[in-house]
Amino acid sequence: MKKSKFASLFLASTVILGTLAACGDTGGSSSGDGDTIKIGANLELSGPVASYGSSELEGIEMAIEEINADGGIDGKEIELTKVDNKSDAAEATNAAIKLTDQDEVVAIIGAATSGNTVAQVQVAGDSKTPLITPSGTSPTVTVAEDGSVNEYAFRTSFIDPFQGTVAANFAANELGVKTAAVYADNSSDYAKGLAASFIEDFEAAGGTIVAEESYVAKDTDFRSTLTRLQSADAEFIFIPGYYEEVGLIVKQARELGIDVPLMGADGWDSPTIVDLAGADALNNTYIINHYSAEDPDGKAKEFADKFEEKYGKLPNSFNALGYDTVYLLKDAIERAGEVDGEKIKDALASTDGLELVTGSYSVDENHHPVKSATILEFVDGVQVFNTKVNP
Amino acid sequence: MEIIQQILNGISVGSIYALIALGYTMVYGIIKLINFAHGDVFMLGAFIGFYAITQFQMNFFVALIFSMAITALIGVLIERIAYKRLRNATRIAALITAIGVSLLIEYGFIYIRGAQPEAYPDVFGRQSVSLFGATIDMKAVLILSVSVILMLLLQFIVHKTKTGKAMRAVSHDTEAAKLMGINVDNTISATFAIGSALAGAAGVIFGLYYTKIDPLMGVIPGLKAFVAAVLGGIGIIPGAMVGGLILGLVETFVSAIGFSLWRDAAAFIILILILIFRPSGIFGKNSREKV
Chain Y
1 MKKSKFASLF LASTVILGTL AACGDTGGSS SGDGDTIKIG ANLELSGPVA SYGSSELEGI
61 EMAIEEINAD GGIDGKEIEL TKVDNKSDAA EATNAAIKLT DQDEVVAIIG AATSGNTVAQ
121 VQVAGDSKTP LITPSGTSPT VTVAEDGSVN EYAFRTSFID PFQGTVAANF AANELGVKTA
181 AVYADNSSDY AKGLAASFIE DFEAAGGTIV AEESYVAKDT DFRSTLTRLQ SADAEFIFIP
241 GYYEEVGLIV KQARELGIDV PLMGADGWDS PTIVDLAGAD ALNNTYIINH YSAEDPDGKA
301 KEFADKFEEK YGKLPNSFNA LGYDTVYLLK DAIERAGEVD GEKIKDALAS TDGLELVTGS
361 YSVDENHHPV KSATILEFVD GVQVFNTKVN P
Chain Z
1001 MEIIQQILNG ISVGSIYALI ALGYTMVYGI IKLINFAHGD VFMLGAFIGF YAITQFQMNF
1061 FVALIFSMAI TALIGVLIER IAYKRLRNAT RIAALITAIG VSLLIEYGFI YIRGAQPEAY
1121 PDVFGRQSVS LFGATIDMKA VLILSVSVIL MLLLQFIVHK TKTGKAMRAV SHDTEAAKLM
1181 GINVDNTISA TFAIGSALAG AAGVIFGLYY TKIDPLMGVI PGLKAFVAAV LGGIGIIPGA
1241 MVGGLILGLV ETFVSAIGFS LWRDAAAFII LILILIFRPS GIFGKNSREK V
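Chains as they are written, first to last, in the numbering used here: chain Y, 1 to 391; chain Z, 1001 to 1291.
Rather than coming from a laboratory, the hints here were simulated on the basis of the structure. Mixed in with the good hints, there may be bad ones.
What the hints assert, rightly or not - One side of the interface only, derived from the structure: several residues of chain Z facing chain Y at Cβ under 7 Å: (1) Gln1005; (2) Gln1127; (3) Thr1211.
Claimed, not checked - Here are the simulated EDC-like pairs of lysine to aspartate or glutamate, each with C-alpha atoms no more than 16 Å apart in a straight line: (4) Y:Lys178 with Y:Glu235; (5) Y:Lys178 with Y:Glu151; (6) Y:Lys218 with Z:Asp1264; (7) Y:Lys218 with Z:Glu1002; (8) Y:Lys343 with Y:Glu355; (9) Y:Lys82 with Y:Glu65.
All C-beta atoms, glycine included, are put in the ideal place defined by N, C-alpha and C.
Please work from the sequences and hints to get the whole structure.
Spelled out as structure tokens, the structure:
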């Protein structure tokens, strides 16, 4: 879920320089004067990843409705201004400028993808407006290239490498396997990051990595490498990658007689994987996700019920993350005691043990959440809640 | 038995390359044109088979023959519309046209149906037999048998029928064949029809074996088949079969010894080596250009 970072950063900086030169008086924090707290939503409501943004908006609107019906935050109602960034980094920057300059929002929620969030980071920092992405999982959203933390950027979801850690713990503790193989998409930083953290943590947990192989996106024939993996005799294979290739890998692995558990991360989460691999081949495979509508935990269940009542469908993880983002912000505003960008930012950075629908949420010094992840198992082509793994 | 399994994997990939390579080599043999649109005919064949099975509920073998018939027609149309009027043009003009036709088919098709991939229906389910410790997927057996049957059929057509005789004659000397009363235009069309039908069959088999098909799926197999045709000696029919199988085996073994990321590179390194050391291919005779 990464978009071209460099292009967006470049665009972001040029656009910002231009606007700041034109109106240098908006450097201060914007605040919600009067009886409302203005929050901006900068989301992908059209374009290629519109389904992410629209799902998050549903969650956000539902949360705001609840909070306002409950008396708002310290007696002030939340007023939401939503902008469509058209799934485009340059549009996301423009939208962020509009939200901070014209609408004077106190915080921005969005965007759904890492690239479109990175495009807003500088605007958020310059205007001292906290920016929270519900689902931007790339570490670069909150940590700049030079390793410094983007002070005003936060996220609700866990980060990519964390999923590798979760998979390692799940394999070692829940499945109790001693040997594992890794088969990663070598053309994706996301997959390579996951593979590296899986290997590190699986070995730390006392396991042995017996084979490490790679493929590249768009490959169709995995049989020769799978045959090699098969002869390494691993009890578990971790396959970080995206569903288009993973679907074929799972199918071909099963055809070759590889029956061990296979596991991947949120890149597997698409109905297409069931078409490609077949429901039968997907049995005994696991994926990591932010949230499951079947999570028996009280808070998650209550959310799922309320969501179904309002929208007539079961919530997906983007719905849940959008919903959680509003509550994360509410908690920070309450602790800040004042509707002020800088104070809210400090409060967000010190969030500790906040109970959300997608799990208990704390934040580390890099603004990376420390939270639990959900493990789902494919049973006859349907994702079934398996367990929740804490970091 | 890893080695047996790997040989089987290699032969399965190789026989798909061989089927596509046959079309390349036949067309080159007869009009000295590298038909870069051939990989896209392969793609169309996969989609025609897909729609025949899912929309028209055809049996797999009926769909295979249906797809071969339509792709044969497409091949003839491509030849009649795009290449025929360039028969006396420079070879580079024809080559560039072929690239143009290839792009037209790919992006025209994306324009019509979108670029999203499609999953082939699993018509045979998951059946496998164990042999010497190797797991043989029944689909691999099917691919092999269909490929072998088609190749035998091709040999029969080329060597035992009148059309085949005409094809060999035109390939040998177009002018002389014309003087002998052979209808050169029809013979060339027949060559395109047969080559394209083989590509269509390869497309359907590919879809069944690899599940995922998309409008750009023809690009890489097309290039690999081209390498296979050059490896065997372009213009020589048995060369294309052997070249395809060798290429499939080489690729598989590159992955099998742990260099999976080098697999595509290996195919093109073979192309470079063969062009440097034996440009006429394994089966080709070194012929001096007449001045």
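Structure-based check of each hint:
1. Hint status for Z:Gln1005 relative to chain Y: holds, with the closest Cβ pair at about 5 Å, below 7 Å.
2. Interface restraint check: Z:Gln1127 against chain Y, minimum CB-CB distance 9 Å, threshold 7 Å, status violated.
3. With its C-beta approaching chain Y no nearer than about 6 Å, Z:Thr1211 sits inside the 7 Å limit, and its interface hint holds.
4. The suggested pairing of Y:Lys178 with Y:Glu235 holds, with an alpha-carbon distance near 7 Å, which does not exceed 16 Å.
5. For the hint pairing Y:Lys178 with Y:Glu151, the CA-to-CA distance comes to about 41 Å; that exceeds 16 Å, so the pair is violated.
6. The straight-line distance between the Cα atoms of Y:Lys218 and Z:Asp1264 is roughly 12 Å, inside the 16 Å bound, and the hint therefore holds.
7. Under the criterion of a C-alpha separation no larger than 16 Å, the hint pairing Y:Lys218 with Z:Glu1002 is inconsistent with the structure, at around 25 Å.
8. Between the alpha carbons of Y:Lys343 and Y:Glu355 the distance comes to roughly 21 Å, so the proposed pair goes past 16 Å and is violated.
9. For the hint pairing Y:Lys82 with Y:Glu65, the CA-to-CA distance comes to about 15 Å; that is within 16 Å, so the pair holds.
Figure legend: structure checked against the earlier numbered hints; hints not met, in rising order: 2, 5, 7, 8.
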